[in-house]
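Colleague: Top to bottom, those sequences are chains B and R. According to my numbering, the stretch in the first sequence is residues 440 to 800, in order. According to my numbering, the stretch in the second sequence is residues 145 to 437, in order.
Among the hints, erroneous ones may be present.
[Claimed, not checked] Here are the simulated EDC-like cross-link-like pairs (lysine to aspartate or glutamate), alpha carbons at most 16 Å apart as the crow flies:
#1 K784/B / D212/R
#2 K795/B / D213/R
#3 K784/B / E204/R
#4 K653/B / D576/B
Simulated from the structure, these hints should not be mistaken for laboratory data. Please read these numbers as outputs of a predicted model, since none were measured by experiment.
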Amino acid sequence: MKHAILSSVALATVMAAAASAETVRVYNWSDYIDESLLEKFEKETGIELVYDVFDSNEVLETKMLAGGSGYDVVVPSGTFLQRQISAGAFQKLDKSKLTNIDNVWDVIAERVSKYDPGNEYAINYMWGTTGIGVNVDKVKEALGEDAPLDSLALIFEPENMKKLQDCGVHFLDAPVEMIPAALAYIGEDPDAQDPETLKKAEPVLSAVAPYVQKFHSSEYINALANGDICVAFGWSGDVLQARDRAAEAGNGVELAYNAPTEGALMWFDNMAIPVDAPNPDGAHKFLNFILEAENAAAASNYVYYANGNKASQEFLEEDVIGDPAIYPTEKTLENLYTTSPYAPKVQRVVTRMWTKIKSGT
Amino acid sequence: MNLRRFALIAVPYIWLLALFLIPFIIVFKISLSDTALSIPPYTPTLKDGFAALISQLDFENFTFLASDDLYWKAYLSSLRIALVSTILTLLVGYPIAYGMARAPEEWRATLMMLVILPFWTSFLIRVYAWMGILSNEGLLNQLLMGMGLTSEPLQILNTNTAVYIGIVYTYLPFMILPIYAALDRLDESLNEAAEDLGCSRMQAFWLVTIPLSRNGIVAGSFLVFIPALGEFVIPSLLGGSGTLMIGKVLWEEFFNNRDWPVASAVAVILLLILIIPIILFQRNQQKQAEAEQ
Numbered sequence: 440m441k442h443a444i445l446s447s448v449a450l451a452t453v454m455a456a457a458a459s460a461e462t463v464r465v466y467n468w469s470d471y472i473d474e475s476l477l478e479k480f481e482k483e484t485g486i487e488l489v490y491d492v493f494d495s496n497e498v499l500e501t502k503m504l505a506g507g508s509g510y511d512v513v514v515p516s517g518t519f520l521q522r523q524i525s526a527g528a529f530q531k532l533d534k535s536k537l538t539n540i541d542n543v544w545d546v547i548a549e550r551v552s553k554y555d556p557g558n559e560y561a562i563n564y565m566w567g568t569t570g571i572g573v574n575v576d577k578v579k580e581a582l583g584e585d586a587p588l589d590s591l592a593l594i595f596e597p598e599n600m601k602k603l604q605d606c607g608v609h610f611l612d613a614p615v616e617m618i619p620a621a622l623a624y625i626g627e628d629p630d631a632q633d634p635e636t637l638k639k640a641e642p643v644l645s646a647v648a649p650y651v652q653k654f655h656s657s658e659y660i661n662a663l664a665n666g667d668i669c670v671a672f673g674w675s676g677d678v679l680q681a682r683d684r685a686a687e688a689g690n691g692v693e694l695a696y697n698a699p700t701e702g703a704l705m706w707f708d709n710m711a712i713p714v715d716a717p718n719p720d721g722a723h724k725f726l727n728f729i730l731e732a733e734n735a736a737a738a739s740n741y742v743y744y745a746n747g748n749k750a751s752q753e754f755l756e757e758d759v760i761g762d763p764a765i766y767p768t769e770k771t772l773e774n775l776y777t778t779s780p781y782a783p784k785v786q787r788v789v790t791r792m793w794t795k796i797k798s799g800t
Numbered sequence: 145m146n147l148r149r150f151a152l153i154a155v156p157y158i159w160l161l162a163l164f165l166i167p168f169i170i171v172f173k174i175s176l177s178d179t180a181l182s183i184p185p186y187t188p189t190l191k192d193g194f195a196a197l198i199s200q201l202d203f204e205n206f207t208f209l210a211s212d213d214l215y216w217k218a219y220l221s222s223l224r225i226a227l228v229s230t231i232l233t234l235l236v237g238y239p240i241a242y243g244m245a246r247a248p249e250e251w252r253a254t255l256m257m258l259v260i261l262p263f264w265t266s267f268l269i270r271v272y273a274w275m276g277i278l279s280n281e282g283l284l285n286q287l288l289m290g291m292g293l294t295s296e297p298l299q300i301l302n303t304n305t306a307v308y309i310g311i312v313y314t315y316l317p318f319m320i321l322p323i324y325a326a327l328d329r330l331d332e333s334l335n336e337a338a339e340d341l342g343c344s345r346m347q348a349f350w351l352v353t354i355p356l357s358r359n360g361i362v363a364g365s366f367l368v369f370i371p372a373l374g375e376f377v378i379p380s381l382l383g384g385s386g387t388l389m390i391g392k393v394l395w396e397e398f399f400n401n402r403d404w405p406v407a408s409a410v411a412v413i414l415l416l417i418l419i420i421p422i423i424l425f426q427r428n429q430q431k432q433a434e435a436e437q
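Could you build all of it, start to finish, from the sequences and the hints given here?
Modeller: Following this line, the structure appears as structure tokens:
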């Protein structure tokens, strides 16, 4: 009996200690922040930060829709944000707690409002394009000097892919990225929503799928950097991070990123607060911290993605703000398209098509 | 006295109820629901009241599974992979168990330890280690090319071969331990008697040792086959895009389509497929227990 009392006292003490140390739980994409920012946040606010990562919107969305994820801040992309808002997964931001909200870049906020009308639920963290990462030397070795490095023909023309398969090609394991690209290549509307048009993407992708070494959404960073593969269809900043890692390793791998001339998907990753976040107050503090110009700049300088923070631009390094692969020129901007979420019935068609493309069944 | 007996019987049944039957009923209920854009992403839920709950359930998702060949192809492919892996594991595991049982008494504890030792590290890390070994630039290919056996790296990672290697490696202890337990109890003098009566050593092995270790073989095979059938981690890390397994189909239904009802229907059918081997396994265990009494 005495033991029971003692241990329950001990338990209560432990629980009190846990309650007094405030915690914010953030769930962000992998390889997507300068980790020193996390320490800085803890030091500035005294809040303990628990930082977990994911590598696909689908995993995040399933956690959100199951409810009770336990996270305070999550980072869904545009179409996923829109769907999760309508499912009631997020709470409205309390802008009075976001003193740095004036730093946001109106151009980007305007584009994000397609998914989050009035920018009520989310702030843009990073945005970028989906395009082609190439190991320049290896691709030229396989295809000759005039290899179409900035064209979707590089990855959707079976002749090219046949020659590239030995040096290795990765595609994103994300139908919402690959199908719009295939549609753009054959001149269809990449934001098509009707199954008839969507099905036109299937023969394009099926024709090159046998030459794809792997469909995966994060392994290509290391694979490109190590020279294991020579082409990846992936996210702009990821390819640029791979370029950076290769340069640091000094392994002679020269990488380049190009948004395809046929059009590239422009996407937005946004920070939002789940409706059942245990610490919404701390979540707002974290969002406000990210909205600070120096912090947003530090994150972009590290991950090589453009952010939605206008004020941060003066703190950006030249190889970030000056790189058209990260901050596209006006002309490239015109070439970028956005997509909308698929209805559940259409989503099923898309997933089924994707399985068929990947496995042949 | 009666109370004690009751408790003795009740414990396993409460266990079964809490850890198997209730979760199964929840999954079965979801498999009869419809998807919805809400938290949780299906309807109806208990909040709608019991009457609405019952009236809205239907078997639509099961008829849907029958309409697309993807599902039965995935079930068949999983069955094939699980079956081949079980046979391979048996072929590798039996000689090891035999060697252990025939080893000098003082060695056996150490050998047993060696079999269990890999469990001390995370399963996920061990599968990742295989990725390092099997990749094109991995240890195995380096070794083969270094010895001049191949000039080009063998593509093993991201193929079904890698999946078999992964499953055999991971589940080997589950095969070795029951076979070892059976062989360990085997009376050596039976083999000697067989040889005295004119059997060659090989014949004695086939006619005496194998039949007497049958229970261990059956138990080990089920312990490998059942989890291998629903395996998800190994095919997704080591397998390629052509590796079709029901675990991956379940993942896609759940994560990509956000269709919990169809995902649950896939899981219910997987369980129905598994019930046959599970019942056979139960009966084998029971027979063994009776034989010992």
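Colleague: Would you mind confirming whether the straight-line C-alpha gap from K784/B to E204/R stays at or under 16 Å?
Modeller: Roughly 15 Å separates the two Cα atoms, so the pair holds.
Colleague: Quick one, are K795/B and D213/R close enough, alpha carbons at most 16 Å?
Modeller: Between K795/B and D213/R the Cα gap is close to 11 Å, so the pair holds against 16 Å.
Colleague: Are the Cα positions of K784/B and D212/R separated by 16 Å at most?
Modeller: Holds, at roughly 15 Å.
Colleague: Within a Cα-Cα threshold of 16 Å, do K653/B and D576/B meet the stated pairing?
Modeller: violated, 21 Å
Hint check: a violation occurs at hint 4 only; the rest are consistent with the structure.
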